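Trainee: Chain by chain, the residues:
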Amino acid sequence: DQQVKQNSPSLSVQEGRISILNCDYTNSMFDYFLWYKKYPAEGPTFLISISSIKDKNEDGRFTVFLNKSAKHLSLHIVPSQPGDSAVYFCAASGSKTSYDKVIFGPGTSLSVIP
Amino acid sequence: DSGVTQTPKHLITATGQRVTLRCSPRSGDLSVYWYQQSLDQGLQFLIQYYNGEERAKGNILERFSAQQFPDLHSELNLSSLELGDSALYFCASSVGVAGNEQFFGPGTRLTVL
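Which chain is which? The protein sequence lines are A and B, in order. When the letters of the first sequence are read in order and numbered with the numbering used here, they come out as residues 1 to 114. When the letters of the second sequence are read in order and numbered with the numbering used here, they come out as residues 1001 to 1113.
Quick caveat, the hints were computed from the structure, so don't treat them as lab data. Remember, predicted model here, so these are calculated numbers, not experimental data.
Derived pair list, reagent style SDA-like, types lysine to any residue, alpha-carbon separation capped at 25 Å:
1. K56/A x S12/A
2. K5/A x Q1044/B
3. K71/A x D31/A
4. K101/A x L1088/B
5. K5/A x E1101/B
6. K1057/B x L1083/B
7. K101/A x V1097/B
8. K5/A x G1058/B
9. K1057/B x D24/A
10. K101/A x L47/A
11. K101/A x E1101/B
12. K101/A x N67/A
13. K1057/B x Q2/A
14. K1057/B x D1029/B
15. K101/A x G1052/B
16. K68/A x E1101/B
17. K5/A x D24/A
18. K68/A x N57/A
19. K101/A x Q1044/B
20. K56/A x K71/A
21. K101/A x S1086/B
22. K5/A x S1086/B
23. K101/A x D1001/B
The whole structure should be built from the sequences, with the hints applied where relevant.
Mentor: Written out as structure tokens, the structure is:
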């Protein structure tokens, strides 16, 4: 039973345009959400996070939106750059401050075309 | 460079064998996590240790075990290996026990022939 879903295995976007990566979750107890980026032959790296008390968090070209009622979050990258080509993992946990394991989605492979 | 190191980078072995994967967390991080990523799969959480104690278990097979040593490095032991155990194994670390914003190592690619 996949608690964190990323229904698009891959996405292609033109350089300079917006990339939108989507993520859905089923467990309403999830309280904290994260995005990780992974290049080939490297481990994932933390990108951005959002707590359930917020509906938006921005960091430079990256913005994460959270819709708790729909159990949906999205990562927007504007403008997209070729260096953004990577696999993006959505992840969720029950808490930011106390222990709870992090559940990762299957990932979306983003290709930014020059 | 995340500061998390994993050895070896690649490991090729035969079915039925036993291997040990090693992880050194970032300096100051007390939590270590192990993940398995099979072909076209996401990251499957295996197990977490915090300051030497097991804190959480995920989908870890009984043939697999792990430990965290007093110097905080961790080892993942995989025994009676099967073809299906071929995967990338990642170690991650974090400062506290919460598990958020983990720092990942480069992974160990295990191939079972």
